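Hey, can you work out the whole structure from these sequences and the hints?
Protein sequence lines, in the order shown, are assigned to chains A and B.
Read left to right, the first sequence gives residues 311 to 649 (the numbering used here).
Read left to right, the second sequence gives residues 237 to 580 (the numbering used here).
Take these hints with a grain of salt, some might be off.
[Unchecked claim] Here are the computed distance ranges between Cβ atoms for each label pair:
| # | chain 1 | residue 1 | chain 2 | residue 2 | range |
| --- | --- | --- | --- | --- | --- |
| 1 | A | L443 | B | Q240 | 45 to 53 Å |
| 2 | A | L469 | B | N519 | 35 to 43 Å |
| 3 | B | R271 | A | D546 | 23 to 31 Å |
| 4 | A | P405 | B | A364 | 52 to 60 Å |
| 5 | B | K368 | A | T563 | 22 to 30 Å |
| 6 | A | D546 | B | E551 | 35 to 43 Å |
Note that these hints are calculated values from the structure, not bench results.
Please read these numbers as outputs of a predicted model, since none were measured by experiment.
For every residue, glycine included, the Cβ atom is placed at its ideal position computed from N, Cα and C.
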Amino acid sequence: MFTYIIRRLIGAVLMLAIVSMATFAIFFLVPRLAGATPESMASRYVGRTATEETAKLAAERLGFNDPLIVQYGRYVKGIVAGADYDYGAGVEQCPAPCLGYSFITRQPVFPDLMDRLPITLSLAIGAAVIWVLLGVGIGVLSALRRGTLFDRAAMVIALAGVSLPIFFTALLSLQFFSYGNPFAWAAQGGYYVTFNDSPVLWAYGLLLPWITLAFLFAAGYARLTRAGMLETMNEDYIRTARAKGLVERKVITKHGLRAALTPIITIFGLDFGLLIGGAVLTESAYSLNGLGKYAIDAITNQDLPKVMGVTLLAALFVILANLIVDLLYAVVDPRVRLS
Amino acid sequence: MSPQSFLDVKDLKIHFPTDDGLVKSVDGLTFRLERGKTLGIVGESGSGKSVTSLGILGLHKGGSARISGEIWLDGEELVSASQEHVRGLRGKKMAMIFQDPLSAMHPYYTVGDQIIEAYRIHHDVSKAVARKHAVDMLGRVGIPEPSRRVDSYPHEFSGGMRQRAMIAMALSCDPELLIADEPTTALDVTVQAQILDLMRDLQREFDSALIIITHDLGVVAELSDDILVMYGGKCIEYGSADDIFYRPEHPYTWGLLGSMPRLDREPTERLLPIKGSPPSLINVPPGCAFHPRCPYAERTGGKADTEVPALTETEGGHLVRCHMSPAERRALWENEIKPVLETQ
Numbered sequence: 311m312f313t314y315i316i317r318r319l320i321g322a323v324l325m326l327a328i329v330s331m332a333t334f335a336i337f338f339l340v341p342r343l344a345g346a347t348p349e350s351m352a353s354r355y356v357g358r359t360a361t362e363e364t365a366k367l368a369a370e371r372l373g374f375n376d377p378l379i380v381q382y383g384r385y386v387k388g389i390v391a392g393a394d395y396d397y398g399a400g401v402e403q404c405p406a407p408c409l410g411y412s413f414i415t416r417q418p419v420f421p422d423l424m425d426r427l428p429i430t431l432s433l434a435i436g437a438a439v440i441w442v443l444l445g446v447g448i449g450v451l452s453a454l455r456r457g458t459l460f461d462r463a464a465m466v467i468a469l470a471g472v473s474l475p476i477f478f479t480a481l482l483s484l485q486f487f488s489y490g491n492p493f494a495w496a497a498q499g500g501y502y503v504t505f506n507d508s509p510v511l512w513a514y515g516l517l518l519p520w521i522t523l524a525f526l527f528a529a530g531y532a533r534l535t536r537a538g539m540l541e542t543m544n545e546d547y548i549r550t551a552r553a554k555g556l557v558e559r560k561v562i563t564k565h566g567l568r569a570a571l572t573p574i575i576t577i578f579g580l581d582f583g584l585l586i587g588g589a590v591l592t593e594s595a596y597s598l599n600g601l602g603k604y605a606i607d608a609i610t611n612q613d614l615p616k617v618m619g620v621t622l623l624a625a626l627f628v629i630l631a632n633l634i635v636d637l638l639y640a641v642v643d644p645r646v647r648l649s
Numbered sequence: 237m238s239p240q241s242f243l244d245v246k247d248l249k250i251h252f253p254t255d256d257g258l259v260k261s262v263d264g265l266t267f268r269l270e271r272g273k274t275l276g277i278v279g280e281s282g283s284g285k286s287v288t289s290l291g292i293l294g295l296h297k298g299g300s301a302r303i304s305g306e307i308w309l310d311g312e313e314l315v316s317a318s319q320e321h322v323r324g325l326r327g328k329k330m331a332m333i334f335q336d337p338l339s340a341m342h343p344y345y346t347v348g349d350q351i352i353e354a355y356r357i358h359h360d361v362s363k364a365v366a367r368k369h370a371v372d373m374l375g376r377v378g379i380p381e382p383s384r385r386v387d388s389y390p391h392e393f394s395g396g397m398r399q400r401a402m403i404a405m406a407l408s409c410d411p412e413l414l415i416a417d418e419p420t421t422a423l424d425v426t427v428q429a430q431i432l433d434l435m436r437d438l439q440r441e442f443d444s445a446l447i448i449i450t451h452d453l454g455v456v457a458e459l460s461d462d463i464l465v466m467y468g469g470k471c472i473e474y475g476s477a478d479d480i481f482y483r484p485e486h487p488y489t490w491g492l493l494g495s496m497p498r499l500d501r502e503p504t505e506r507l508l509p510i511k512g513s514p515p516s517l518i519n520v521p522p523g524c525a526f527h528p529r530c531p532y533a534e535r536t537g538g539k540a541d542t543e544v545p546a547l548t549e550t551e552g553g554h555l556v557r558c559h560m561s562p563a564e565r566r567a568l569w570e571n572e573i574k575p576v577l578e579t580q
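Right, dumping it as structure tokens:
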């Protein structure tokens with residue numbers, strides 16, 4: 311078990327290094343291959359009135375003339391030890407972990423990300439709780455009542471859930487639950503109170519985004535759980551559990567669901583990791599200033615350091631989620647520990 | 237009517253309605269079994285052996301199966317009993333050992349946990365007490381270092397050890413009826429003998445009634461007092477082990493004996509397989525279900541495919557379901573079958 315954890319940890323660190331290289335390559339190597347010069351890349355950092363002269367100076371100061379490997383090393387060093395950005399009129403400090411410095415907002419990227427993270431995290435965690443409970447619950451019931459009206463209705467709704475895009479369901483729910491109609495008990499978009507200030511208002515503000523996001527995921531989870539349960543409930547060990555005289559409720563939960571949950575855990579890790587990187591559509595639809603909206607804004611403004619920062623952070627979360635899934639897997643399925 | 241036996245199955249029918257028709261997996265099965273005795277149920281796959289055993293345990297209840305007839309266990313009728321009542325008897329009064337212990341044990345729980353669970357369903361004791369019992373049981377079925385192995389997972393056991401653990405689990409509540417469904421089929425030949433010895437010893441120790449379900453006549457020869465041969469959901473021959481091995485009267489039983497590999501035969505000699513394959517339980521052949529494969533079907537004077545033969549007693553509890561007369565069957569056995577089986 312111990313070596314398994316160590317192996318997974320090393321794997322995760324390696325993965326992170328590779329992702330950082332790939333990200334760096336996308337933002338710094340690919341433009342060069344596509345014909346950008348150090349000057350043209352630096353010109354973005356000096357404002358609209360840049361002359362050729364100032365662009366050249368900026369390229370020199372910001373190190374765009376150095377070999378790419380040196381630039382990458384500097385970027386990594388910034389994450390570990392912090393970096394200073396000399397933009398001519400002065401030096402801006404970017405303390406560690408420095409994920410870049412936005413010359414548009416004159417802000418280091420990392421603190422920005424940390425400001426946005428709680429919102430995205432709130433959104434993801436709340437939605438995840440709802441969709442897991444709802445999805446797994448409905449999936450189990452559907453499997454046990456296979457072929458009944460409940461099963462068919464649930465699966466049709468689930469099909470709708472996976473098929474309908476967020477921007478549609480979000481607008482629909484906004485229409486239903488706010489803007490002066492009878493169901494107007496939920497907050498409208500853009501309402502966010504931190505959990506520390508008021509847990510009640512926090513939940514109130516996030517309820518609609520949660521439901522919208524959870525609907526999408528719960529649908530998939532219901533279908534997955536149903537399929538998994540149908541499979542495991544036919545296993546020999548279920549028959550054994552019944553032959554022991556175990557009550558059916560425990561046969562289902564302790565023996566059936568336990569085994570059916572393993573693939574769900576995998577999918578959940580991936581989904582959740584991706585989601586913390588930014589629930590772009592949901593955050594946009596409800597005007598929540600989370601990481602997803604931050605990324606969209608950064609892309610619209612061509613604010614490269616921000617885009618790169620948010621990309622790296624999102625990658626980190628996906629890798630972390632995978633790591634946790636791997637470890638959880640070993641806890642759930644003892645057979646994994648051997649191999 | 238003689239006084240009731242410990243287990244008394246009367247005209248048991250287990251039918252499954254499917255889209256293709258009614259599957260008559262078990263069709264009018266009657267047998268009885270006393271404490272301390274062993275009954276072997278023999279037949280090819282699809283003959284209804286396993287369905288019968290699951291039926292006795294009440295595991296078809298609540299499903300799509302249509303069950304009729306009577307199952308009396310120690311004076312209680314189980315077919316008409318409530319699902320919950322039969323559940324309470326499962327594991328405690330009657331327990332089952334399954335064919336493939338790797339798939340029959342939950343891969344996510346330790347062997348100990350699974351035995352502890354089985355024990356605690358029927359005994360209101362603490363986990364620690366149940367654990368002690370589990371270690372004790374593992375020791376009794378011959379697992380070395382039981383106090384350490386109790387925390388192993390099924391996949392960490394060898395096949396034989398797993399079957400021992402399975403037996404320990406089945407015996408953990410001291411059941412009076414033990415059903416073993418192909419208990420040695422998934423095991424190495426060397427391990428098979430060990431497991432059969434173990435089951436015989438434990439049966440003596442616990443004085444339980446034992447039903448062994450198998451397609452392997454060698455297994456039942458080792459253990460059984462009585463043998464029931466099933467074909468197409470029906471009993472076609474029933475008798476003591478001696479009856480079945482030394483005085484078999486049904487052509488199907490002859491076939492089973494002929495297709496049994498034996499060490500004392502020359503390796504160059506061929507087995508005598510039964511022609512054809514087991515009948516579909518949806519379209520059971522009319523008349524005698526075995527007639528399409530029976531080499532003696534013409535001798536019945538046209539009754540083979542029109543009339544279902546009755547299960548009739550020839551002598552001393554030896555029952556046979558065959559159109560041929562007892563004298564004719566015995567003559568065939570003595571003159572044609574026995575010499576071939578012996579010279580082989």
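Each hint tested on the structure:
1. The hint said 45 to 53 Å for the Cβ distance between A:L443 and B:Q240, and at roughly 52 Å that hint holds.
2. Checked against the hint of 35 to 43 Å, the C-beta distance between A:L469 and B:N519 comes to roughly 38 Å, which is consistent with it.
3. In this structure the supplied range 23 to 31 Å holds for B:R271 paired with A:D546, their Cβ-Cβ distance being about 29 Å.
4. At roughly 55 Å, the beta-carbon separation of A:P405 and B:A364 lies within the given 52 to 60 Å, and the hint holds.
5. Checked against the given bound of 22 to 30 Å, the beta carbons of B:K368 and A:T563, roughly 27 Å apart, stay inside it.
6. As the Cβ distance of A:D546 to B:E551 is approximately 41 Å, the hint placing it in 35 to 43 Å holds.
Violated hints for the displayed structure: none, as all numbered hints are satisfied.
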